[in-house]
Amino acid sequence: MSIVAKFQIECFSCIDADGHAVAELPEFALDRDVLIELYRWMVLTRAFDERAITLQRTGRLGTYASSLGQEAVGVGLAHAMLAEDVLLPSFREHGAQLVRGVTAGEILQFWGGDERGSDFSGPRSDFPVSIPVASQAAHAVGAALAFKLSKAQRVAVAVLGDGATSKGDFYESLNIAGAWNLPVVFVVANNQWAISVPRADQTAAATLAQKAVAAGITGLQVDGNDVVVVRKAVSDALEQARNGSRPCLIEALTYRLSDHTTVDDASRYRDDEEVSAHWQAEPIARLRKHLIAVHGWTKEEESDLVELCAAEVDESADAYLAESPQPPETIFDYTYASLPQSLVKQRGELLALLKDADNGTEHEQ
Amino acid sequence: MAQLTYREAVAAAMAQEMRRDPNVVFLGEDIAAAGGVFKTSVGLLEEFGADRVRDTPISEQAILGATMGAAMTGLRPIAEIMFSDFFAVCWDIVANEMAKTRYMTDGQVTLPLVIRSGNGGGSRFGAQHSQAVENWAMAVPGLKVVAPALPGDVKGLLAAAIRDPDPVLFFEQKSLYATKGEVPDGEYVIELGKANVLRSGTDVTIVALALMVPRALKAAEQLEAEHGISATVVDLRSLVPLDTQTILAEVAKTGRMVTVEENPRLCGWGAEVSSIVAEELFWDLDGPIVRVTTPHIPLAAADSMEDAMLPNADRIVQAVRQLVD
Chain A
1 MSIVAKFQIE
11 CFSCIDADGH
21 AVAELPEFAL
31 DRDVLIELYR
41 WMVLTRAFDE
51 RAITLQRTGR
61 LGTYASSLGQ
71 EAVGVGLAHA
81 MLAEDVLLPS
91 FREHGAQLVR
101 GVTAGEILQF
111 WGGDERGSDF
121 SGPRSDFPVS
131 IPVASQAAHA
141 VGAALAFKLS
151 KAQRVAVAVL
161 GDGATSKGDF
171 YESLNIAGAW
181 NLPVVFVVAN
191 NQWAISVPRA
201 DQTAAATLAQ
211 KAVAAGITGL
221 QVDGNDVVVV
231 RKAVSDALEQ
241 ARNGSRPCLI
251 EALTYRLSDH
261 TTVDDASRYR
271 DDEEVSAHWQ
281 AEPIARLRKH
291 LIAVHGWTKE
301 EESDLVELCA
311 AEVDESADAY
321 LAESPQPPET
331 IFDYTYASLP
341 QSLVKQRGEL
351 LALLKDADNG
361 TEHEQ
Chain B
1 MAQLTYREAV
11 AAAMAQEMRR
21 DPNVVFLGED
31 IAAAGGVFKT
41 SVGLLEEFGA
51 DRVRDTPISE
61 QAILGATMGA
71 AMTGLRPIAE
81 IMFSDFFAVC
91 WDIVANEMAK
101 TRYMTDGQVT
111 LPLVIRSGNG
121 GGSRFGAQHS
131 QAVENWAMAV
141 PGLKVVAPAL
151 PGDVKGLLAA
161 AIRDPDPVLF
171 FEQKSLYATK
181 GEVPDGEYVI
191 ELGKANVLRS
201 GTDVTIVALA
211 LMVPRALKAA
221 EQLEAEHGIS
231 ATVVDLRSLV
241 PLDTQTILAE
251 VAKTGRMVTV
261 EENPRLCGWG
271 AEVSSIVAEE
281 LFWDLDGPIV
291 RVTTPHIPLA
301 AADSMEDAML
311 PNADRIVQAV
321 RQLVD
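Taken in order, these protein sequences are the chains called A and B. Heads up: the first sequence at position 136 corresponds to 136 in our numbering, and the numbers run straight through without jumps. Heads up: the second sequence at position 69 corresponds to 69 in our numbering, and the numbers run straight through without jumps.
To be clear, the hints were calculated from the coordinates, so they are not data collected in a lab. Just so you know, these numbers come straight off a predicted model, no measurement behind them. A virtual CB, placed ideally from N, CA and C, is assigned to each residue, including glycine. Do not take every clue at face value.
[As the list claims (entries may be wrong)] Here are the simulated distance ranges between beta carbons:
(1) A:348 <-> B:180: 42 to 50 Å
(2) B:227 <-> A:358: 54 to 62 Å
(3) A:54 <-> B:249: 52 to 60 Å
(4) B:124 <-> A:121: 31 to 39 Å
[To be verified] Straight-line Cα separation of at most 27 Å, DSSO-like style, residue types lysine-lysine; simulated pairs:
(5) B:194 <-> B:218
(6) B:100 <-> A:345
(7) B:180 <-> B:194
(8) B:180 <-> A:345
(9) B:218 <-> A:345
(10) A:6 <-> A:151
(11) A:167 <-> B:100
[Said to hold, decoys possible] Calculated Cβ distances over 12 Å to all of chain B for the following chain A residues:
(12) 33
(13) 210
(14) 218
(15) 311
Okay, chain A solo, but in the shape it has when bound (with noise of 0.2 Å):
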């Protein structure tokens, strides 16, 4: 016998749930601004999802997949990322789209069933939100493999959910862009649930970060809620690929203190004591205990902090509000980048039909 492969998979963390620096902090991590900066874009995020839900109780918004919980990994991964470079995110990466520019008013929109919603004012190269699971990960094979042709130093770091890693195109991704030594970046938000499917039933792997190894990318684990730690882990995995060296999958370990949307109820399947002790692990705590114990923060810049985030997603939702719906023609206008023939007679056939509709309406007024 022979050893002839080996491997091991690190996990890395920086701020532990208590605030306490458990490891030497990156540079960044040192500047009181940066902490503040992280830390304001984590709160807002929560602040998004609330109101995002409030919105989805009172009939305003469809389906809503909250983040809450696993706000330090969509912010610590976009705040880690270049303008240039390129986002690929699941359903629950808010905090991500908004440090990347994406507004408050296009994610409600998007989540209102407004298309114009994933017409982003800001990163016009970031990928739409990947409702079908991991396809994603494919989809940042293409787009680094459009860098690597054109010699561009971009990323695409795709953002995927540990239910995702048990996916065919997961494994077939990772392949390629080892095999072709892609720059592309996946970052697992491991929450621990796939709706149901609690992380122990999706596979009888060790860790998730070890799928990379099989691909023959690096892979690592870190602490998902840490914010610090993420924003390091995924910029050192982001100049790795930008320099040509190797692709990288990073499992941040979080947890989903939300149901899975608001279409779900998930007191049926995991009990309140679990629930209640991630909540002791959070990650916009831990930051508030750090930023107190070693940056001076005090309860002012905290309430005004809170308030300025509030009023923010305040304004965007008053603007999603008062935004009107598309006309249903659009959807003829935009499935095709000209209008077949054959769709011609039908996009006429209904709008013929909805005028009738909207005429026969007012009679009976």
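Start from chain A and add chain B according to the hints.
This is chain B only, laid out in the frame that chain A set:
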């Protein structure tokens, strides 16, 4: 004008477009050094290099997912799915993603990509490598669906598909790869969505696609020579966009229509064409619309069984005679 095989026309079209546009790249299984399992990309690796002509792992989902991502990031990729049956393992990317993304980004994102695929029966490949799946594709809004019959059309339509801003599924009929035909030299592009009237008659209009086109032409000759029946043959060439104008005009002239389809009968493309003709031309018809199709069965690997299932000239002749006599 050169005499090229159908498969040579595939390579000629890709080479033409790759010379013209450096953003055109080609990826698939065994397409580079091997020149494609159907030898449809011979010479491309040598001319354009391994960056632009890329062999992939056996990963249809990742091939198409990457094709989509690349198309959204400035490239104009051509992907090959070796056998169209394999669309079944990556249909999510095609039907749920490629087809929807333009609409779901409010028109922001265009997907200038082509998926080429060896389609259809007649080559003894058995039930899992012989299906004609063009009717799967035409059922999904947001895709374009092209299926040429003649080498010249292969070149012109594939070039147009590569230049098209929308995702195009380009079905190459495997049993036609060895057939020869005239292919124009130099840059050649045919507008997508235009049917071709290959033969004009007065008694019946036969509407066909891909492998069924040469069989329809043969049937039309037999009908003329042996039965004095004069048939028009329309090669649809494209299912989406569908050239309803040409179909309706040609059926109106003869008052009768027979569709000839390789796809299994239920919900085959001929059902859609029939419904359009019935709605638009009912009062001009001199007889019922007739569909000649493969039955709703899987295709066999055995030659005698496969031949018994696919529509052929004799079966078309029989159907037309019953309709016209």
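Going down the list of hints, with the structure as the test:
| no. | hint | result |
| --- | --- | --- |
| 1 | A:348 <-> B:180: 42 to 50 Å | 44 Å, holds |
| 2 | B:227 <-> A:358: 54 to 62 Å | 56 Å, holds |
| 3 | A:54 <-> B:249: 52 to 60 Å | 58 Å, holds |
| 4 | B:124 <-> A:121: 31 to 39 Å | 56 Å, violated |
| 5 | B:194 <-> B:218 | 22 Å, holds |
| 6 | B:100 <-> A:345 | 21 Å, holds |
| 7 | B:180 <-> B:194 | 22 Å, holds |
| 8 | B:180 <-> A:345 | 38 Å, violated |
| 9 | B:218 <-> A:345 | 35 Å, violated |
| 10 | A:6 <-> A:151 | 33 Å, violated |
| 11 | A:167 <-> B:100 | 21 Å, holds |
| 12 | 33 | 33 Å, holds |
| 13 | 210 | 20 Å, holds |
| 14 | 218 | 19 Å, holds |
| 15 | 311 | 28 Å, holds |
The structure shown violates the earlier hints numbered 4, 8, 9 and 10.
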